[in-house]
Amino acid sequence: MSLSDATAAIAYAWSLAAVESIISTGGVGDISRLLDRIATAPSTAAALDDALRTNCDDLLQQTVAYLKREYVR
Amino acid sequence: MRLATSATAAFLLAVSSCAAADTIVLKNGRSIEASNVTEDAAHVTYQTSAGELSIPRSIVARIDRGDFGPFPASHGAADALVSAPQVQPVPGYEDVERLAVHDKAVDSAYLARLDSDALAGTAVSIARVAAAHHAAAQFLLGQGDTDAAIAHYRRALIFAPDNIGLLLNLAVLDIRENQFTAALGPLEHARRVAPDSADTAKLMGWAYYSTNKIDQAIDEWKRAERLRPDPEVQRAVEKAERDKAEEESYREGETAHFALKYYGGAAPGLARGVLRALEEDFRNLEAQLDYTPPEPISVILYTEQAFADITRAPGWVGALNDGRLRIPVQGLNDVTPELARVLMHELTHSFVGQKSRGHAPVWLQEGIAQWMEGRRSNAAAAALGAWPRRCLSWKVPG
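First to last, the protein sequences are chains A and B.
Quick note: the first sequence uses the working numbering, first residue 1, plus one each step.
Quick note: the second sequence uses the working numbering, first residue 74, plus one each step.
Think of the hints as simulated: they come from the structure by calculation, not from any bench.
Treat the hints with caution; some may be incorrect.
Straight-line Cα separation of at most 25 Å, DMTMM-like style, residue types lysine to aspartate or glutamate; simulated pairs [unchecked claim]:
#1 B:177 - A:50
#2 A:68 - B:446
#3 B:177 - A:58
The shape of chain A in the complex, shown without the other chains (with noise of 0.2 Å):
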């Protein structure tokens, strides 16, 4: 993995803002429901759709939107 200190840090920020976001509207089983969909849906996005109902764009506009209420006051 060849990725700068920032660039890694500001990659894990959001990877775990987003996984906030998911727990924080469905709960710990929303992220089980979501692996046990990659394990046999064909990609990602097609793994978010079948179990949150969600793509990957709203789900960045999720996060943003819950960090922004969670957060920033």
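Fit chain B to the supplied structure of chain A, relying on the hints for placement.
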């Protein structure tokens, strides 16, 4: 994988460009990291540093899109030291394969007819049923349905129990499902049928390495090298020998779900504490993710220097899960809160990797692992929240 503290501290200062990378996963288990991946009915085309390349669509199992950003699309926990060999169980039956899978579906009625014909036991009927089930399995594998693919190989083996291609393909799927002990069944049978198969030795090495039987893994990979030199197997032998040399002076501990190795000079209380913490984490993850890993998980506690020497990981990597949990613990006498978080983080990778059959994109793996260790976004959220336009411009492919 867990970031070292220095990288985390750099977060608020960081502004970097982030281009999505994709991974093209081939049916033989190899993967290609690339950008700008496009596909049509016949080809998958992608960009590399060497320019634009194209491969046949038929050899591609799936394309994992990079999604949220600059993580590589695969993660150590899911990576294999060696790739799966591509073995055609019965070459020359392409007509049967076309009839078994057509119009993007398996023709179950056709397969049932071949099953029935094969009961007669003629060589041709058995070859046809093996070819048909192999085609169905490979098609289903491309669709992500590993369970159904395994079922087809098992069905075919009823009629052709000594077919090396069927046995090896079944073993590969068992290994990918982390069913390493189960994989040894077809592999041992394949060894009896064809003792000089390099592919069998390669896969046995993989299964042994994954169950922490390093000596047996090295023996098998060396045997594979003698039978058919292969740079990939040679690299696997070198890595396994590095592990072995380091671990020879290590002590061992074991619980229901873990096999632990640790430097002999380390505090005994630390090893016991690590196992206790891991067992508790195991129960928590089992309940939260509704999943139980089928095989004991291998854990190694290193001094900092040994960790760097063995893993050859970049300096910012604080711990690693490449199928074995590799944790640096130098100077610790007990499980500190920081070590407890590291253990939970790395164990989560094992659960997520296995539950998702190695298909979870890295952003999801890392997000879940951080969440499970107790990390929350508050420290970083203000900076992230200020960048919605920038972050939304990370285009997520299809």
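Need the status of pair residue 68 of chain A, residue 446 of chain B: alpha-carbon distance at most 25 Å? This hinted pair holds, its Cα atoms lying about 23 Å apart.
Please verify whether residue 177 of chain B and residue 58 of chain A have alpha carbons no more than 25 Å apart. Violated, because 30 Å separates the two Cα atoms, which is more than 25 Å.
Is the hinted pair residue 177 of chain B and residue 50 of chain A satisfied, with a Cα-Cα distance of at most 25 Å? holds (20 Å)
Going down the numbered hints, you'll see the structure goes against just number 3.
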